[in-house]
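Engineer: Letter by letter, the chains look like this.
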Amino acid sequence: MRTGAARFDFPGFKVMTFLCLFILYAPLVIVMIYSFNDSRSITTWGGFSLRWYVDVFTGPDSAKFKSAAFNSFSIALIAATVATAIATSAALAMVRGGRFKLRTATFGVINLPILVPEIVTAVAILIFFNTIGFTRGYMTILVAHIAFCIPFAYLPISARMQGIEGVYEQAAMDLYADRKQAFRRVLLPMMMPGIFSGFLLAFIISLDDFIITNFVKGAGVETLPTAIFGSVKQGIRPNIMAISTMLLAFSTVIVTLSWLVSRIDRTK
Amino acid sequence: MTDERPIAIDIRQVIKRFGDFTALKEVSLGIRDNEFFTLLGPSGCGKTTLLRMIAGFEDVTAGAIYLYDQEIARLPPNKRPINTVFQNYALFPTMTVLENVGFGLEMQGKPRSEANRRAGEMLELVQLTQFAHRKPSQLSGGQQQRVALARALAPQPRGLLLDEPLSALDMKLRKSMQIELKHIQRETGITFIFVTHDQEEALTMSDRIAVMSAGEVQQLGSARDIYEHPRNMFVADFIGDTNLVEVSVDRIGGGHATCNLGGGYMLSCEAVEGVGTGSRVHLSVRPERLFLSTERTGPEALRGRVVENIFIGTDITTILDLEAGQRFRVRASNSDRGNQRVFEPGQDVFVNMERGAARLLID
Ligand SMILES: Nc1ncnc2c1ncn2[C@@H]1O[C@H](COP(=O)(O)OP(=O)(O)OP(=O)(O)O)[C@@H](O)[C@H]1O
Ligand SMILES: [Mg+2]
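For the protein sequence lines, the chains are A and B, in the order given. Residue numbering for the first sequence follows this note's numbering, starting at 1 and increasing by one per position. Residue numbering for the second sequence follows this note's numbering, starting at 1 and increasing by one per position.
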């Protein structure tokens with residue numbers, strides 16, 4: 001491959017790139033800027049202020065946002081934890097279980113939810129809950145989140161596991177460890193970056209989810225995305241921009257962290 | 001090197017099949033207590049497979065493996081008091097060097113303090129005390145190799161398996177590790193089973209060598225034995241450098257066989273079981289046991305013409321075509337002491353053999 005500047009020198013390539021980036025990020029930047037607007041208007045700049053951030057925590061909508069935030073974070077925490085545990089066992093079986101029947105099928109089943117349009121999953125889950133007569137509320141959101149978080153947790157974990165040769169467990173067993181000890185003392189610590197990265201990814205996917213949540217939540221139970229959506233329907237107020245900016249910042253931090261952790265190489 | 005030492009690891013008629021591929025065809029070997037034993041053979045001959053069966057990572061298709069008087073072939077690896085030094089070391093990357101070395105002892109249920117103390121002693125043995133608190137990734141290849149050795153030795157196993165442990169090291173380090181390994185084996189008195197496909201390494205280090213090919217043991221013996229008395233074509237060809245000559249056996253008598261090289265040349269050598277009168281077999285003659293002269297020195301000298309001289313530092317190899325039709329290599333040490341002189345290409349010379357240099361081989 002040729003090196004240097006020539007590599008991406010197709011005509012119009014740069015222009016296209018910048019156009020795409022602009023379309024993607026311009027709205028976000030505007031939301032971020034106007035969240036610091038002192039004015040009540042969302043289109044005219046009235047000077048810098050943090051009043052909308054204060055408003056989120058103390059304003060008339062603060063109670064609604066606080067309970068939505070509590071729901072969002074507690075669901076994300078529990079869903080990510082459970083999904084990570086399930087994903088870890090699944091990865092163990094897939095990577096260390098040797099060749100079993102329907103291995104390829106199992107792989108498909110684990111990862112399919114990523115490919116299926118979210119709206120389809122949402123409707124399916126809704127029908128499922130209705131069929132078994134489950135009352136919609138906090139629990140239905142939690143169960144749905146666990147389900148769709150599994151493949152997201154699974155991917156970094158199995159990627160990590162595939163990079164760990166079986167010889168480490170063999171070495172542990174050779175040194176008198178039984179299967180359990182070999183897993184706990186040797187394999188698990190080596191998998192930790194993958195597990196942590198999978199957890200963070202699942203956490204953020206749960207935190208950001210709107211479509212499925214909107215379908216399966218009961219009346220009166222809101223998460224941050226559904227609460228924001230609810231507020232916007234009654235007109236956009238700058239406090240929405242403030243809360244969106246905070247959510248955006250938080251997501252960015254978590255995703256970055258997840259990426260950094262997944263790069264820690266403990267096999268060398 | 002007394003033969004009275006008891007058998008430590010006894011491999012009895014072990015067969016290994018992977019599907020319908022037979023990796024080992026009835027291998028039987030008795031490895032003695034306190035022995036430095038080497039499995040030597042070309043790639044794919046089944047060395048690793050045999051080692052993995054002794055360690056317990058591979059089950060035997062048929063046969064038995066005894067460790068002293070205990071049958072171990074069906075025990076899981078963690079129930080066998082045998083440890084392994086893996087080819088790529090397989091040090092636990094999340095643990096420090098000291099924790100790595102202490103791991104086996106800890107798993108045996110020894111208290112932490114004792115495990116640490118003994119791990120410390122082991123690190124002293126391999127001269128890595130100052131690196132005890134580093135992670136394996138912070139060590140050089142040679143140092144990692146010694147940690148792997150210390151880790152495998154720490155629980156005082158009754159046998160140590162080493163699968164090409166030096167193959168990742170450069171030449172110089174390799175040589176010094178060979179000496180160190182041998183030294184440690186003597187010091188600890190543990191039975192070593194060492195795997196290599198490097199014949200020179202095997203000859204330098206081993207008390208005894210089993211030469212393997214295609215899932216079978218071709219010959220078992222001391223380094224000297226195998227080098228000087230190769231039993232068959234494969235061993236003669238694989239170990240060291242040799243001239244292989246096809247001959248027909250004219251006469252056998254008094255423990256000697258008279259072989260016809262063609263062109264009227266006859267050679268007499270030690271008779272070998274399995275080779276009868278009239279058979280066409282191969283003779284092996286090591287190039288360093290031949291010497292050249294301009295005058296005939298005995299009745300069995302062979303006439304030939306020099307083709308080329310190859311200088312390889314310590315030695316000079318002369319390639320020549322014999323009148324009998326074969327091409328031979330003759331090696332002389334690169335010094336004046338042996339009255340050797342270099343013959344020019346095209347020159348006619350006599351090739352003379354030391355007594356007993358020619359060996360009959362069964363195919
Ligand atoms: N799990 C397996 N399944 C099928 N065949 C195998 C398996 N393991 C080894 N073999 C085959 O058994 C034969 C012996 O392999 P083995 O690894 O013991 O060779 P080796 O002597 O150690 O060679 P090398 O010097 O290259 O390490 C090879 O032909 C190999 O392809
Ligand atoms: Mg091998």
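I should point out that these hints are in silico values taken from the structure, not numbers from a laboratory. Be a bit skeptical, because a hint or two may be false.
[What the hints assert, rightly or not] Result set (DSSO-like, lysine-lysine): computed pairs, CA atoms no more than 30 Å apart in a straight line:
| hint | chain 1 | residue 1 | chain 2 | residue 2 |
| --- | --- | --- | --- | --- |
| 1 | A | K233 | A | K217 |
| 2 | A | K180 | B | K25 |
| 3 | B | K135 | B | K79 |
| 4 | B | K25 | B | K79 |
| 5 | A | K217 | A | K64 |
| 6 | A | K217 | A | K66 |
| 7 | B | K79 | A | K180 |
| 8 | B | K110 | B | K79 |
| 9 | A | K101 | B | K110 |
[What the hints assert, rightly or not] Computed beta-carbon distance windows for the label pairs:
| hint | chain 1 | residue 1 | chain 2 | residue 2 | range |
| --- | --- | --- | --- | --- | --- |
| 10 | B | P6 | A | F183 | 51 to 61 Å |
| 11 | A | I114 | B | M171 | 31 to 41 Å |
| 12 | A | T252 | B | Q130 | 35 to 45 Å |
| 13 | B | E26 | A | I78 | 55 to 65 Å |
| 14 | A | F183 | B | D198 | 29 to 39 Å |
| 15 | B | M171 | A | F183 | 38 to 48 Å |
| 16 | B | Y66 | A | I78 | 51 to 61 Å |
| 17 | A | V253 | B | E187 | 54 to 64 Å |
[Claimed, not checked] These stretches of chain A come out as covered by chain B in the derived footprint (C-beta under 8 Å, 3 or more residues):
| hint | region |
| --- | --- |
| 18 | 157-171 |
| 19 | 174-185 |
Owing to the predicted nature of the structure, the values given are computational and were not obtained by experimental measurement. Note that beta-carbon positions come from the ideal geometry of N, C-alpha and C, so glycine has one too.
Engineer: Going back to the hint list, which numbers does this structure go against?
Structural biologist: 2, 9, 10 and 11
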